Structure formats: C-alpha cells, structure tokens
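S.K.: Add chains L and E to chain C, keeping to what the hints say.
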Amino acid sequence: MAVPTATRTEDGRGAKPRRRRPPLLLGGLAGLVVAAMALPLVYLVVRAFEGGWEEIAEVVLDGDTLAVLGRSALLASVVTAASVAISVPLAWLTGRTDLPGRRAWAVLAALPLVIPSYVGGFVLVSVLGPRGMLQGWLEPLGVERLPEIYGFPGAALALTLFSYPYVFLTVRGALRGVDPAMEEAARSLGSGAWATFARVTLPQLRPGIVAGALLVALYCLSDFGVVSLLQYESFSNEIYIQYRSAFDRTPAAILALMLVALTIAVLFVEGRTRGRARYHGNAASRPANTVALGRWRLPALLFCGGVVLFALVAPVGVLGFWLARGLAEGEPLRPLWNAAWSSIYASGLAAAVTALAALPVAILSVRFRGRVSGLVEKATYLGYALPGIVLALSLVFFGANYAPWAYQTLGLLVFAYAIHFLPQAVGTTRSALLQVRPSVEEAARGLGRGPARVAATVTAPLAGSGILAGAALVFLTTMKELPATLLLGPTGFETLATRIWGATSEAFFARAAAPALLLIGISAIPLYLLVIRERAK
Amino acid sequence: MSAAVRLQGVGRSYGPVTAVRDVDLEVGRGEVLALLGPSGCGKTTTLRLIAGFEAPDAGTVEVGGRTVAGPGINVPPEKRRVGMVFQDYALFPHLTVFQNVAYGLPGGKKARVEEVLALAHLEGLGGRMPHELSGGQQQRVALARALAPGPEVVLLDEPFSNLDAALRVRVRAEMRDILADAGATAVFVTHDQEEALSLADQVAVMMDGTVVQKAAPEVLYHNPASRRIAEFVGEANFIPGTHENGRLSCVLGEVPACGECTGSVEAMLRPEALRLRALQNGGVAGGEAGATVISREFYGHDQLIKLRLDSGPVLCSRLGGGPGFRPGERVAVAVSGQALVFPKP
Amino acid sequence: MISRGNLVFAIALLALLAVAAGCGQPPPEGNGGGGSRQESTSEETTGGETTAQEALKPGEGSLVVYSGRSEELVGPIFEQFEERSGVDVQVRYGETAELAATILEEGENSPADLFFAQDPGALGALDDEGRLTKLPEDILGRVPAKFKADDGDWVGTSGRARVVAYNTEELKEGDLPDSVFGFTDPEWEGRIGWAPTNGSFQAFVTALRNLEGEDRAREWLEGVQANDPFAYPDNLSAVEGVASGEVQVALVNHYYLFQVKEEQGQDLPAANYFFQGGDPGALVLAAGAGVLDTADNPEAGEEFLEFALSDEAQQYFADETYEYPLVEGVEVSEELPPLSDIQSPEVDLSNLDDLGGTLELLQETGVL
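Chains as they are written, first to last, in the numbering used here: chain C, 1 to 537; chain L, 1 to 345; chain E, 1 to 368.
Just chain C, same shape as in the assembly:
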C-alpha cells in the first residue's frame, strides 16, 4: 500500500493545488455515500431523543458514564501507541535492513489481521489466563500465578496483537514512498543511521503512521469481542449491557451518540497532526540501500519472532490443539463448505461495493481538495467507529420500516458492511490516486475524453493496485464480522464467523476451532498476495 493521506503538491514544484469545483456527478455520488453513512446517525438521534432531553442529560452527565468513556479513550490510546511502537520497527526491519527471511517476516507480521478479535481474546485467556496453558507449563518451574490477564492489561494486549497490522501495513507502504535521496542527503550532512531515521525518515512516515493509528484507535472504540472476553469495562461494553439487559434502546442510543462524539474528537485531533508540511510522495527513483544489522541481527530476529509468536503462532496453535483434541474425542464436525462459501461470497461483494463507493470520496478528496471534501472524507469514519450492534439495529430500523423489500437480504447486509468499513478503502484509494499525476488525466481530457471516461479508462487502471489493496483489506475485515451478519443477513445465512460464534457460545471449542482455522486460512491468501505484491512494484 502506498502512502495514505499524505497530501502532495500537484507537480512537486511548489505550485498550489488548483481549486476547482467538482463535476456534479462526482459530487452527487460522494453525497450519496455520505447520506448512507448518515443513516445510523439518524437512527441514533431518533432513538436518543425519544426519552427527551432529561434522559439525555441523565445519561450523559452521569459520572459513571464519563468514567467509562475515559476508560475507552485510555484503552484506545494505549493500544494505538503500542501498535505504532511494534509496527514501525517491524516495517523498518522487514523493509530496509538485511534481516534474514524478511519477506516471510513481512507476511507473518501482517497475518494477525485476519484473526477475529473474539477468537483472539478467547485464545489469549486460554494461554495466558490464571489457569491457562502457560501457567500449566510454568507451574513445575515454581511460578504460582501469572500476572492478571483480565481487565486492562489483557484487553490492551489482545487488541494490540490483533490490530497492529493495520499500522504495520500503512507504515510499510509509507516507507516505500520515502525518497532514499533524502536519507542520503542527511547522511552526507553528517547524520548517522539512527539520527537519519529519527530526524528525516520518521517525519516522512508520519502520514502513514497516523492513517494506520486512526484505524486502530477507532477500531478499539467499536470493538466488543475483546473487552467482553477480557472483562474490561469499556464504552462498547456499556452499550452492549444496555441492549442486553434493558431492552430499552434509548439509553443505548444516547451512549452510542457519545461514542460518535468521541470519534469526531479523535478525527479532529488527527486533522491537526497533519501540520504544515506537505509530503512530496516521490516514487523512489532507486530502491533504498539496505542497512546491515550486524550484531543487531539476533535482537531483531527475537523481536520479530516474539511478536509473531504471540499474535499468530499462539492463536493458530491453540485452535489447532482444540481441533485435534475435539477430533480425538470423536466430536462430530459439521461440514463448513456452505459457511465458507457464504463468507467468501459476502466478503467479496462487500469488497467490491466498498471499493466502488470509496472512489467518488477519494477522487473528491484528492483532486478537488477543500473543506467540503475533507469533511466528506472524515464522515466516512463515523460508520467505522460504531459498534456493530448499533449499526445493525439502525439498518434493521430502516430496512424493516422503510425498505422491507431489501430487509434481510444479502444486499442490505453488504450495504451494512460497506458503511462499516468504508474508511479502509478510502484511505488506500486516496493514496493510490495521489500517485497518479494529474497531467496524465489532463492529457486524456485534451484528447477529447469526458471526465467520467477519463476516470474509468485512465485514472482507475493507474490507481488500480491501490484500489485493489483497499478492496482486499475490506474483504479481510468483512470475513470476521459478526453482529451485523447475525441480525441483517438473510435468515439462515451462515458465515464462518457466525459458526464460530455459535460454537463458542456453548463452549464447543473444537467446533469453533475448525471454522476459525478455515477463516484464518482463507483470509491468509489475499493477505499474502497483498503483502508480497508490493515487492513486485
């Protein structure tokens, strides 16, 4: 993936970007996308105001509510920081040094992305829990009790391990875009390798880091699987408790709106961090020099190995163990083909639809930069940060009452996926478009092609690889989606994710392990292609 969200001057020579009005079609399409984003918000507002202002005040001003909001914010901050701390060295080690087997390490480092959080949380507890596997292994060595895994430490660890790849992928892409001439310039001016990295390379990586960090932070706010399994009282937990205990959707809607407000705050902070700098995203004229690690080779390998061990090997290993144990005890395993096919089919559709929906937003944001297009881009994140249950119920509300012909069809489900995961596609599409020089499009216009034709026949193919990358990312995330699938899918629609849920809710671990492993296996393929494809570029 190339550098996301880096703004870049049009011709790299200091000319200001032209401010033009976007064509009506483009504006209309982008407007439709934003309107779709707004549906869940409309639902929330309707529900929230059912109880009147008093109820809203009661919920919002409750000390406990604010404390929980603070806890969620703390979790998101810590996980984001930890993800960045893991990803930047990983990206650097696999992209710029002579680490042995770095191609393989890059793929392995990205793979934890495909593990659903509700699976990962489970595994973490069973490995690191007070009576888990690790405890069992260490007990003969005299370790009485491991440090507490439940609560904040466990939740932070689990979320970090399974969402850091978002940052890893974006930083890796950004690293490719750094002009090696700049690092050479710094070295010619007397900076050693470390100083060059800190003073020159790292600032260049900032847009990539921020883009990935945003995805991680907002994901933490919306996630429910991990925080419920590891028993951390986060905001999403609070929302779920309301739904599960009170059957009164009003307080839940109010809480969800507070979450939206928090999201807006996060987006605002992100906007400010962009700063004055404009990053010249030059495609590197030559590949960057690799840095020889020398005696740092062993620590580097240990670092990579450690991360991969906890984030990938442990979950897959535990799942395999459960499966083997279940098979050994003669557990019947239902065939998974239908569920697997449904997963792939639905995720594929979601990927295609989302990539298409991302196009107008991304084109608007890149070619017609301005306040409005910036707001449009930000708006796409609102659907991302909402817990799945909220999104699902909002579409239940609209679907059942206003579009019954679409309700509980695959189409509406794919629509829900698109709303939920749009920012992933927008980010990568934007960065791909940034690398297409406007002069190429203008040349095509000069040859008599209209704007839509140019977009389809010139821009899209050139930006194609980035757009595909965004689609792949959406595919991977949709494969593991659960709450919307349960409520909005056609009745009887089964995916691997719903199968895992069905089994884990009754502690049939072997029956959960098989679909989980299959889900991981299937998802690994597009991810592998995604990562190694970059090398060919």
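None of these hints come from the bench; they were simulated from the model.
Given the structure is predicted, the values throughout are model-derived calculations rather than measurements.
Where a beta carbon is used, it is the ideal one built from N, C-alpha and C, also for glycine.
Warning: the hint list may mix true and false statements.
[Stated by the list, open to error] Okay, the calculated beta carbon distance ranges per label pair:
1. C:G271 <-> E:D215: 30 to 38 Å
2. E:E187 <-> C:E55: 39 to 47 Å
3. C:L25 <-> L:E115: 54 to 62 Å
4. L:S161 <-> C:G70: 52 to 60 Å
5. C:M133 <-> E:D354: 40 to 48 Å
6. L:Y221 <-> C:D98: 40 to 48 Å
7. C:G31 <-> L:S13: 57 to 65 Å
8. L:V219 <-> C:G370: 36 to 44 Å
9. E:K172 <-> C:P299: 50 to 58 Å
10. E:G182 <-> C:F303: 48 to 56 Å
11. E:L211 <-> C:G52: 28 to 36 Å
[Unchecked claim] If you want the ones that stay clear, here's a sample from chain L, every Cβ over 12 Å from chain C, calculated:
12. G70
13. R81
14. Q87
15. F92
16. H94
17. G126
18. R170
19. E174
20. E194
21. N237
22. G287
23. V293
M.R.: Chains L and E in isolation, oriented as in the chain C frame:
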C-alpha cells in the same frame, strides 16, 4: 596542497555488469569538475563512490587528502565531509528552509546559516517550507544546505535536469557564482555538454565506465581525443581526406590541420569553422566548395545551417543570428580555422 | 496499464472465489435452509433441498423463528418439527436480547413468527410492548402456572435451575451455605464467580427484589460485591472457572456443568449444589417462546409450540440439553434432582420483567 578529491584505479561492478573501471581522477581545491557522458557511462556511480554511498571493488578514493575508500577501508558517508545535491533536491519537506540548511551544522549555528543563505541569494526565505518555493529557489536551498558545513567537496547529481530550459541557463550562472563565492570545490555530473563546458574548470568525459579524456573545456572542444568524444562534445562535421604535414586535402580544398595520423584520415570540422557566402551565378572561388542549403535551425543568437555539398557529403555550419540562408539556396562553403584529423575507422 | 503483478493478484482473487464456488452451493437468498441444517451427523442433504425451495414465501407453510437459543442446542428440535409437520422452518440465531431489540425495531414489519428466548425477561419485555399474542389453552395447559405468562402470551419450554457450581477438589457440599445470602460472608472473599450480564442472573436478582424487597436485594449485592467476585462474561466461562480452580463457587444455571463435562471430560472436578428451603438461590427459570403479533403464520408457530411441549421434544430437552422438562410425566436425567425436589421459591416468572429496575440496582451497587 593536496587535491580535494583523488580517485586511483577505482572500479565497481554489479554482478556481471561493470559500471566503473579503472578510473583515475583528481580535483584540485576550488576547482569545478564536470563528469560528462551519455547515460550508463558510470558517471553517477563515480559520484556515489566519492560520496560513500557505494564502495569500490578496486582502487582508492581520497577526499581532502584522507583515504576514505580502499582495500580494508570504507568510511561511511556521514564521516566523509562531502556535501551532496541531488537531482530532485531531496529537501526535507517537514523542515523550513532555515532548518534544512542548518541540518548539517551541529549546534545549528545561526550566523553560519544566515551567511550561507545570503551567499545563495535566499535572504528572507528562511521561514518558508520547501514546497512554497520555486524550482530554482529549491535548488539553491539544496546547494546552501550542502555548503553550510564547509565540506571538502560538493557533489551535484544532474542538478539542472529538473528545471525547464529557460530557467536552466539563469540558474546555471547563479550556481557558478555561488560556488565561486564560496570558494568551494565541486564535482557535478551531467549528460549535457553545454552545461559541462560552460560551468566547469575541467571536464572529464566518461564512456563505458572509464574516463576517456579530462581537459579544460576549450581543449576538450577543440582537441577531442577521439571521434566519439568529438561527436559527443558539440556538433561535428566529418569529411574524408588526406593529411600530410599539417595540410589536409579534401572536398573543401586545402585546409590547415592538426593531429597525429597521416595519410588517409577522417577530418573533423566544427560548424563554426565553415563560412558561407551566397552563390549567385555559379562561380566558386578557390578554396571554396559549392553547396545547396537543406535546412536551417534558427536559435536567435545563432543558427545552424545544414547543407549538401555538390560533391555529396552533408555538413552543418553555424552562423550568427543574421539573415542566414533558406533551404534551396546555393552557397559557397569555405573553411576558416583548423581541422582535426582522426584515423579512418 | 494494470501491471502484471496486479493482474495476477486480481486473477488469484477471482480464482479463490471460483474455487469456493465449486466447493460450495450458491448462497442462500433470503429463504436459507437455516433451520434444517443443524445435525449431529455430517450430512448435508437437507440443506440442499431447502435452498431449492427458495421460491417458498413466508405464510405458505413456513415458519420464521428468531431464536436466542443456540443452533447447537435446539437445532435438532426444529429439524424434527420440520420432518413431522412439513412446515419449512427458517431460524435466525442470535443473542436473546439483541433479537428482542431487533423485533422491537422491526415493529409492524417484523418477519418473525415465533420468538424463542433463553430467559423470560426478554419475553416479558416484548409482552409489555404488546408484541406477543395469547396462546391457545391446550398449549398453556401443559405447563405449570409459574412457567408461563400470566396473560398467556408466552409459555416456558424447559426449566433451568439456578445453582451453585462448586469445585469438588476444594470444597465439599457441606462447606456451602444454606442460603444464597451466605455468600455475603467475608470468608468467601475472592472465591466467588458470577456472570452479571447474563439474563438468568438478572432474572434471579429481579426475583430477589420481588421476594425479599429492594433493600435486602441491595444488601445481598453489596455484600457479595464486597467479596471481590470474579465477573465472567457468561455462565459457561463461570463454570469453566470453577473447574479450573480460578474460583471455587459460581452462581450459574444448572445445565452448563454437563455441557462442560461433555467437552472436557466426565472427571471434571465440579458439581452442582441446589439451595434448599425455598431460598431465592434455588430459583427455577424457564426458557420459553411466544408467537408474535406480526406473525404471518401464527398457526405454524402454535403448532411448533405444541411440538416443543410434546413428550418427545421434552425428552430431548431432558436428555440432550440437561434441562428440566416442564411437562408432567417426562423423565428427568438421572444426574439431576427431580423438579419437585427443588424447593424453588414462589415467584411468578412473568413478573420478572422489571429488568430496568434490576439494571439500575446492579449499576448502583457497582456490579455492572
């Protein structure tokens, strides 16, 4: 006084491909050397070998009298005290102009930065960000940044190729002045012979990975060591002839010539050496040849006239910016100046 | 334009889709064969048949069920019903509360005919909103009064007793208190586990409030909370916690023990303890179902309930899910004390719908 840069027997290969072989070069202090050659000739590699971004397979590199590369020695770039200006300037986009220039100065000495900014005619621009500057300004910032730490030598990699033609000439002059004012030693790489000839004190022509001639611009222009060099460094006319005792017999008559080989030779005449006279009614005088004009390229300050001699060969002549001649006109061609002879290929 | 690498990537993705297509069947469009697909054998035939019946519209011999009970447990019941009646059953599985919320959001346009709930709270909530219709007498008559709604809008299908699961290696039955209030004693500090987000637990707290009054209920909550109980996300993890020794006792529903034993082996060091003497801790709840007011096919719904309360289905609940059959004359699993032996307190389950109040109490005392 030791040379600022000295390369001896330097070679570098990438697998089966030899980029640079057996290069010997010396750059005196305060001198500007141009590395000139067609693409792929190894000039950029040579530059990077001096900077330290590549290590030589053979030979030694000395900077400021100190061996920085050679058998068992490879001093990293940050320790070589070599400044570098890149083709795309490589300015740090997240730093201001001031901060960019101050980057290589430990302690960021304000006075020195101001001094260098003034030297590069960038006063008052210290607070700007790189993307807010024009191409020419960015280039000067890159140069200032390289000069600020007072390096032994400044290396420039095709520094003008990113600028449009009109800008190029002016920027070249500015750069030459800045380097002279700073008293800096510089080595720059270019494939543009005009650039090399106009800017450099010495020009080293590289072809196929090795230095084929190193000389002052005039010497290079008027006395190229081989036919290939002659063709590369400016327009050249080649006609066969016989050379004996400093006189060449050819279709243009008897012409003074210099060069070592005698007998049947190929003689080179620069376009400036061909004089044209309108031929009205026949009548070529002695020492002249008749020709018909084929085409004319008018450059404002001069023009290049392509003509076909009655005896066959096609030559070109450079005239001043006057009326000139149109295609189809009949002219008489005379030689004013010397021919340079090369062995017949 | 598209580089070769990208082409390979795109083709690979398409190939993946194609291969999966070859392996699987076309995706279910709306009328998936959900209900008929759960089986404990590895056959797939019924699934295929149902997808071929895509053209079947609801209301023509089809039943749409929203089930908070999992496919693994109740799937076979639906299957058997389908075979018997010929009605095409389509089941949407989910969490009880989320499905209830969904039904409420769907409002008049809800496609659901029947709502099958894990616990009575959700049924009560729907009933309060007037979403359930009165069931016929012959269905209601089959279960005792306390296992159905007062107004006859829903009926229990199987009983679930609140118990204390305890670790048999650390404790003997005699170590356990006679009353649930015993757990407020400081000697139990750090040894208790519970699942406060679970519907049955909350139903229990509601019953406690009804039986003993708000203040006593608060006392109990605060007392146990003072003993630093371990809060599990659900009953299942609580029982596993007991078995692994993480906690020594847990307040759960009785049947989870058997599920965990099945998964992890019969020699699990855990057992159920039933409170005696009408103690609130011995509450017996029921999973149940009701027919929705928006049902297209209420007759099929009632037919299913008849089946669920038939001896055969009740025996299934007794044998396979280890729950208590509610219909007279059906044998309970040997491992369970008979329903009549459990001295359950007299609480009307349909009065357990003041969950809002319970939630408030739980939040005030810091349990939630």
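S.K.: So which of those numbered hints doesn't the model satisfy?
M.R.: Per hint list: 1, 8, 13, 14, 15, 16 violated.
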